[in-house]
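Throw the hints in and build the complete structure from the sequences for me.
These protein sequences, in sequence, are chains A and B.
Residue numbering for the first sequence is 109 to 264, as defined by my numbering.
Residue numbering for the second sequence is 47 to 561, as defined by my numbering.
For the record, the hints were derived by calculation from the structure and aren't laboratory data.
Heads up, a few of these hints could be off.
Below, computed lysine-lysine pairings styled on DSS-like, alpha-carbon distance capped at 30 Å [what the hints assert, rightly or not]:
# : chain 1 : residue 1 : chain 2 : residue 2
1 : B       : K167      : B       : K84
2 : B       : K326      : B       : K535
3 : A       : K253      : B       : K535
4 : B       : K167      : A       : K253
5 : A       : K231      : B       : K116
6 : B       : K326      : B       : K309
7 : B       : K116      : A       : K253
Each chain, letter by letter, is given below.
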Amino acid sequence: MVIRAKISFFIILAYLLSDSPAAMAFQSHPGPEGLYAHQLAHIFFILAMAFLAYWLQVNGFTLERGWRLIQVSCLLLILWNLVAFTGHWVEERISDAVISGGPDWTQRIVVDSVWTGLYYGFKLDHLVQVPAMLCLALGIRSLYKQAAREEQSGDR
Amino acid sequence: MTANSYSLAPVWFTDVAGSALIIVLSFLAVWFAVRLAKIQPSNVIWIYLLWLCVALAVFGVSRGVGHIAKRFLLLMDMRDVWLSLRPYSGGINTLAFVLVASITLFFQRIHKINTAILNDKEALEEASQEVMHLNRNLESLVRRRTEELSRSEKKYRRIFEGSMDMIFILDEQGRFADINRAGLDILGFQNRDDLIGTMSLAGPFESSEEFDRLMADLHFNGFVRDRQCRFQTKEGKEVFLLLSATSRRDASGTVVSYEGIAKDVTARLYMERQLQQAEKLASLGQISTGIAHEINNPLGVMLGYTQLLLKDHPAGSQIHDDLKTIEKHARNCKEVVEDLLKFARSTQTRKSSIDINQCVEEVISLLAHQLQMDKISVETRLSPDLPRVTADGEKLKQVFMNLLMNARQAISGQGRISVGTESDSGQRVIRIFFSDDGCGIGVDHINRIFDPFFSTKPVGEGTGLGLSVSYGIVQDHNGHIEVESRPGKGSTFTLILPIGEAGCENSAPEKKWNN
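Structure, rendered in structure tokens:
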């Protein structure tokens with residue numbers, strides 16, 4: 109009985125592998141899927157940063173300057189992710205025609221709607237991301253200095 | 047809404063400069079994180095931070111390089127190149143996001159592990175420090191503890207050894223594990239090794255039933271308190287001990303040892319017995335005096351009339367023979383009455399300074415032939431320095447005679463009687479010993495030997511007044527008699543008389559019982 113079932117299974121498998129239509133082999137991934145994956149990664153990034161900021165607060169890490177700066181960095185990265193996420197979303201809703209000029213600093217944008225206005229503002233996302241990375245670097249530097257001091261005094 | 051045209055130059059410059067700054071800051075963060083991890087390589091938090099920074103640096107580089115490349119490729123009219131690079135840049139960015147987020151979410155777990163490790167480390171360090179402290183101070187600690195132990199040991203050893211009562215420890219089988227000096231003295235041993243590990247407490251016990259009962263109570267109750275036990279010393283002397291003991295058990299409840307303390311109450315018991323004996327004999331003396339006086343007068347009358355009648359009847363006649371029989375038995379009665387009066391000390395004593403040794407020798411020489419016939423040897427150990435005493439020599443001779451006769455009767459077949467005298471100038475007494483190796487006196491009889499008419503001899507062989515009379519005479523000399531006897535081994539009677547004034551000369555009778 110068992111042998112018969114195994115034989116039947118292999119026959120069905122061989123049939124599927126040899127005679128299946130193209131649609132059953134793999135699924136196509138057109139352009140929007142890349143954007144969606146990227147947007148989901150932004151959400152994942154937001155959740156991770158929120159968790160880290162909350163966890164640092166709850167466990168009293170923020171009493172130290174270094175960790176406090178890292179927590180600020182997390183909050184700024186959350187903000188940056190929100191800006192970038194919304195920017196990608198808005199970008200999909202505006203026409204390429206609103207931007208004119210060559211691909212350099214001479215380009216101009218016609219703000220004909222709220223979306224284009226928002227798009228312009230969101231394009232300046234580095235104003236958030238740079239302070240976030242700065243806070244991270246300063247936070248780790250502060251922790252490094254504190255650890256170095258403690259190492260010298262032999263407290264740890 | 048009115049359409050306005052704005053320059054995108056701010057966006058362009060912000061993008062380029064911001065991307066460059068992000069690359070720089072990412073690497074700066076990595077650099078600090080690397081240095082931080084180098085300070086404490088075992089700290090997983092710093093390692094985690096390093097991973098986070100590296101992930102952010104990957105993100106920063108991929109994004110910054112992508113943005114800068116885009117700007118400059120477009121500026122250099124290389125749009126096709128950018129379009130081919132764009133998916134990779136975006137893909138790497140997405141991966142970097144996921145990488146950063148994943149590492150972040152692991153942080154809580156890593157911190158928890160790190161906290162546990164740090165706690166363990168702290169505990170280990172504390173334990174290590176404690177061990178090091180112990181190691182450093184072990185010698186002094188051991189020395190101090192040893193000194194304390196030694197002091198404690200000495201203290202309790204002093205109590206143990208200095209105690210006037212017997213203190214002992216027995217092993218689980220009831221054998222002596224330790225015993226103090228007083229215990230050895232009480233049991234008559236010189237050397238501790240003769241007892242320890244070899245002899246059981248059952249050994250000195252006179253009665254094995256008594257010992258078994260004691261052990262059973264110790265097992266059942268765990269202790270016995272103030273139990274009077276009769277022991278026998280190594281020399282066979284009887285001692286009475288008031289014994290309290292406890293059993294000690296291990297965790298499983300098995301008896302591992304017994305500890306006890308025993309007080310020698312022999313002297314007290316003897317004193318109590320003597321007191322009881324004296325009281326009893328005093329009562330008997332009072333009764334005897336009364337009876338003797340009441341019988342003595344009628345006996346005198348009977349003898350007087352018998353002798354008058356004998357004068358009227360010539361010898362050989364039936365009446366004369368009958369009267370002689372009456373006279374003989376009346377005289378026997380009179381002797382008994384006189385003995386009773388002697389016991390009751392109602393007869394007059396004529397005291398003078400006498401030599402006790404001489405009295406003893408006279409009595410022995412009087413009985414020498416008879417004793418020789420009975421194959422009984424007499425050994426004398428008379429002290430040459432014995433002081434003279436004031437006493438009634440004749441009455442004391444009667445006492446010595448009684449004691450020697452009793453000794454002779456106690457010996458069946460061959461035997462030996464020892465007689466000795468000694469003086470104790472400290473207590474101002476002399477002692478006269480009469481020892482025999484005869485049958486001894488049974489435990490049931492020993493308390494009654496001084497009772498008038500008490501005798502173990504067959505009817506007709508003794509009146510039972512010998513020892514009573516002796517007792518009365520010695521009492522009359524302010525002395526006393528001690529008796530020590532072991533059934534089957536023999537007896538020793540010791541007369542103790544005061545040196546010098548042994549009672550008043552020609553002391554008045556009767557009154558003494560009334561005191």
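* Taking 30 Å as the top limit, are the C-alpha atoms of K167(B) and K253(A) close enough? -> Satisfied, since the Cα-Cα distance of roughly 24 Å is no more than 30 Å.
* Asked: Taking 30 Å as the top limit, are the C-alpha atoms of K116(B) and K253(A) close enough?
  -> Answer violated: K116(B) to K253(A) is near 38 Å, above 30 Å.
* Asked: Is it true that the CA of K231(A) sits at most 30 Å from the CA of K116(B)?
  -> Holds - the C-alpha atoms of K116(B) and K231(A) are around 14 Å apart, at most 30 Å.
* Regarding the pair K326(B) and K535(B), is the alpha-carbon distance no greater than 30 Å? -> 28 Å, holds
* Asked: Is it true that the CA of K253(A) sits at most 30 Å from the CA of K535(B)?
  -> 103 Å, violated
* Take the C-alpha atoms of K167(B) and K84(B), compute the straight-line distance between them, and say whether it is at most 30 Å. => Holds. K167(B) to K84(B) sits at ~19 Å (cutoff 30 Å).
* Between K326(B) and K309(B), is the straight-line Cα distance small enough, at 30 Å or below? -> 28 Å, holds
Checked against the numbered hints given earlier, the structure breaks hints 3, 7 and satisfies all the rest.
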